[in-house]
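All chains should be built: construct the whole structure from the sequences, respecting the hints.
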Amino acid sequence: MRARGDNTITTATGELSLPVSDAFGTPEGERDHIRGPKNAPVTLVKYGDYECPYCGRAHFIVKELQQLTGDLMRFVYRHFPLTSVHPHAEQAAEAAEAAGPQGKFWEMHNHLFEHQQALDRKHLIE
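Residue numbers in the sequence shown follow the working numbering, run continuously in steps of one, and reach 126 at the last position.
Calculated from the structure, these hints are not laboratory results.
Don't take each hint at face value.
To be verified - Straight-line C-alpha distance at most 27 Å; calculated BS3-like pairs for lysine-lysine:
#1 Lys104 <-> Lys46
#2 Lys38 <-> Lys63
#3 Lys38 <-> Lys104
#4 Lys63 <-> Lys46
#5 Lys122 <-> Lys104
#6 Lys104 <-> Lys63
The following block contains the structure:
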């Protein structure tokens with residue numbers, strides 16, 4: 001995978017042109033959790049719910065994308081707990097936020113997605 005200066009990424013299977021413009025400004029806010037360089041040609045913003053099985057599957061895909069793209073992609077994570085269908089999602093998001101000031105947001109983020117069946121209060125306290 002290679003990036004060109006015109007916001008085109010060349011992969012083994014073809015090219016992906018990205019409609020990226022400085023006119024749109026930066027999508028991230030001060031409460032977002034961000035991995036990757038600010039000048040990356042691609043920014044992926046994910047709204048996630050730690051209890052959502054689809055978000056759980058996407059987590060592993062995003063991790064693989066990060067490994068494959070390196071500094072070509074900036075990843076922004078935003079909490080979006082669907083409390084009406086996922087009763088532990090908000091508590092899990094709060095646990096991730098509590099880990100943030102200790103410099104462990106991403107560690108907790110990964111742990112929560114990798115242990116989606118253990119998001120009840122008992123497991124979050126452990």
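Quick rundown of the hints versus the structure:
1. Pair hint Lys104 plus Lys46 holds up; C-alpha atoms about 19 Å apart against a cutoff of 27 Å.
2. A C-alpha spacing of about 18 Å is found between Lys38 and Lys63, which places the hinted pair at or below 27 Å, so the restraint holds.
3. Distance check on the hinted pair: Lys38 and Lys104 sit about 20 Å apart at the alpha-carbon level, within 27 Å; holds.
4. A hinted pair counts as satisfied when its Cα atoms are at most 27 Å apart, and Lys63 with Lys46 qualifies at roughly 12 Å.
5. The suggested pairing of Lys122 with Lys104 holds, with an alpha-carbon distance near 20 Å, which does not exceed 27 Å.
6. With a C-alpha separation of about 17 Å, the suggested pair Lys104 and Lys63 falls inside the 27 Å cut-off, and the hint holds.
Against the hints set out earlier in the document, no violation occurs for any number.
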